[in-house]
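Whenever a hint applies, use it, and build me the whole structure from the sequences.
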Amino acid sequence: MINIILVAILVIATIYYAFQTYRLVKENRKDKNVQQLENKLKHVYSPLLKLLEDAKDEKIQVGGEIMDKKEMISLSKDESEKIVNIYKYYRYLMSDKLVDNLSEFTKRVSVDHMFYEYDIYEVEELYSIVSEGYNVILISLDKLIDRG
5 MINIILVAIL VIATIYYAFQ TYRLVKENRK DKNVQQLENK LKHVYSPLLK LLEDAKDEKI
65 QVGGEIMDKK EMISLSKDES EKIVNIYKYY RYLMSDKLVD NLSEFTKRVS VDHMFYEYDI
125 YEVEELYSIV SEGYNVILIS LDKLIDRG
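One rule links them: number in this note's numbering = place in the sequence shown (from 1) + 4.
No lab work stands behind these hints, which were simulated from the structure alone. All C-beta atoms, glycine included, are put in the ideal place defined by N, C-alpha and C. It is possible that part of the hints are untrue.
[Stated by the list, open to error] Per label pair, the in silico range of CB-to-CB distance:
(1) 47 with 8: 57 to 63 angstroms
(2) 34 with 107: 29 to 35 angstroms
(3) 103 with 36: 18 to 24 angstroms
(4) 92 with 31: 19 to 25 angstroms
(5) 128 with 86: 17 to 23 angstroms
(6) 104 with 19: 45 to 51 angstroms
Now the structure itself:
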């Protein structure tokens, strides 16, 4: 009879510890996901969004005739290098779509230029991709945090 009671206590204690371990693993997984999303915001999406928002204010007209005129965005060497460094060091935190677009965008940056001109549509497309990614991350963070 004592053996049955001891076995029952042992089973209950094992179930309790298994449940606590499950909760701990689940919480650690959630914390890791939150941290990864926060890193994406901090190192990629927020700085890129800011750089591209500022760049949209730097519109210039290129071309002589009315038909040939084209709106371009001018980025300083410093701004362009910041974008290149974000791409270079944090590519692993980016969506595939953003990696592809930034790859093309950063190919033109070289040491010997002080300013870089980009087609306004290219910058707006990149801004749209970054903004979309930013919003998806915020929604994901909200869902993770709301699940408590």
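Against the structure, the hints come out as follows:
1. 47 with 8: 57 to 63 angstroms: holds (58 angstroms)
2. 34 with 107: 29 to 35 angstroms: holds (32 angstroms)
3. 103 with 36: 18 to 24 angstroms: holds (22 angstroms)
4. 92 with 31: 19 to 25 angstroms: At roughly 34 angstroms between Cβ atoms, residue 31 and residue 92 fall outside 19 to 25 angstroms, so the hint is violated.
5. 128 with 86: 17 to 23 angstroms: holds (19 angstroms)
6. 104 with 19: 45 to 51 angstroms: For residue 19 against residue 104, whose Cβ atoms are near 50 angstroms apart, the range 45 to 51 angstroms holds.
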